[in-house]
Amino acid sequence: MHQGTVATLLEIGSGQWPSPGSVREARDQLEMLRHRVVAKGCPKTIRFVAGLDAHYRTDHGLVWGAAAVLEWPPLQLVESALACRPLAFPYVPGLLSFREGPALLAALACLSHRPDLLFVDGQGIAHPQRFGLASYIGVLANIPTIGVAKSRLLGRFEPPAAEKGAWSSLKDGDEVIGAVLRTRRNTRPVFVSVGQHVGLEAAIDLVVEAAPHYRIPEPIRLADRLSRMHGP
Numbered sequence: 519m520h521q522g523t524v525a526t527l528l529e530i531g532s533g534q535w536p537s538p539g540s541v542r543e544a545r546d547q548l549e550m551l552r553h554r555v556v557a558k559g560c561p562k563t564i565r566f567v568a569g570l571d572a573h574y575r576t577d578h579g580l581v582w583g584a585a586a587v588l589e590w591p592p593l594q595l596v597e598s599a600l601a602c603r604p605l606a607f608p609y610v611p612g613l614l615s616f617r618e619g620p621a622l623l624a625a626l627a628c629l630s631h632r633p634d635l636l637f638v639d640g641q642g643i644a645h646p647q648r649f650g651l652a653s654y655i656g657v658l659a660n661i662p663t664i665g666v667a668k669s670r671l672l673g674r675f676e677p678p679a680a681e682k683g684a685w686s687s688l689k690d691g692d693e694v695i696g697a698v699l700r701t702r703r704n705t706r707p708v709f710v711s712v713g714q715h716v717g718l719e720a721a722i723d724l725v726v727e728a729a730p731h732y733r734i735p736e737p738i739r740l741a742d743r744l745s746r747m748h749g750p
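The opening residue of the sequence shown carries number 519 in the numbering used here; numbering runs sequentially from there.
Some clues are possibly wrong.
When the alpha-carbon atoms are kept at most 30 Å apart in a straight line, the in silico BS3-like pairs for lysine-lysine are as follows [said to hold, decoys possible]:
| # | residue 1 | residue 2 |
| --- | --- | --- |
| 1 | Lys682 | Lys668 |
| 2 | Lys682 | Lys558 |
| 3 | Lys562 | Lys668 |
| 4 | Lys689 | Lys558 |
| 5 | Lys558 | Lys668 |
| 6 | Lys682 | Lys562 |
| 7 | Lys668 | Lys689 |
Since the hints were derived computationally from the structure, they do not count as laboratory data.
Please work from the sequences and hints to get the whole structure.
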C-alpha cells in the first residue's frame, strides 16, 4: 500500500480537523467526537499491527510521535515512522489528545503499510469524557484501536491475580471503563481500555498476545524506543 493511501485515511486528523484554540474548545471537541466511539467488535483479519507512542522535548517545545508496524502474530518489525510537531497545546489533565495526537497522526500518515489494529500508549474510554488519546486516534484514523496505559487515570479496581492474563474490572461508579491486566506474572498490571471498534474482552486477549516477553505490548515498546531516538 502506498503512503498516500494511508495519508488519505488520516485527512481529518492530519489537517482538516481544526486544532482547538482553548481548553474549553478542546473539551467541546471531545464531547462531539466521543459519540463516534464504537466500543465493540474485533478485526476479522489482522496482518499488521502498529504501536503508537510519543516523547516530549519541552525545553524545545516539541513532541515526537512514533509508529512501529509489526507483522502479526510473529511480532516482527516491518516498518516504523517518526514525526515531530510543535507542542501547540498546553498540558491539561484529560486533554492529552491535543498535545500528542497531531504528532502521532503524522507518524501514522507516513506509513506505507496500513495497520489493521493500533495499540496506543494511553487511555481509551477510561477517561473522564470517555474519549482518551486511544479513542481520539482510533476515531480520526478509522482504525480499530486499543488503549494500553502504564498508570490509571481514573476508576477503582481490585488487584488482579498474579498470573499472566489475570485481570479485574476498572470501574467508574457502576460503569466498567477498562481492565487492569497482568501481562506477566508478578509484575505491575497495565490498564487496558477500548479505543475504537474493539470490545473490551477482545482487547484484553489481544494485549496478552502482543506482550509475549515484556510487561508492555511489543508494538508500544518498540514505538517508545523509537520516539526517544531523536536525542535526550
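Outcome of the hint check:
| no. | hint | in the structure |
| --- | --- | --- |
| 1 | Lys682 - Lys668 | 16 Å, holds |
| 2 | Lys682 - Lys558 | 24 Å, holds |
| 3 | Lys562 - Lys668 | 27 Å, holds |
| 4 | Lys689 - Lys558 | 17 Å, holds |
| 5 | Lys558 - Lys668 | 23 Å, holds |
| 6 | Lys682 - Lys562 | 25 Å, holds |
| 7 | Lys668 - Lys689 | 17 Å, holds |
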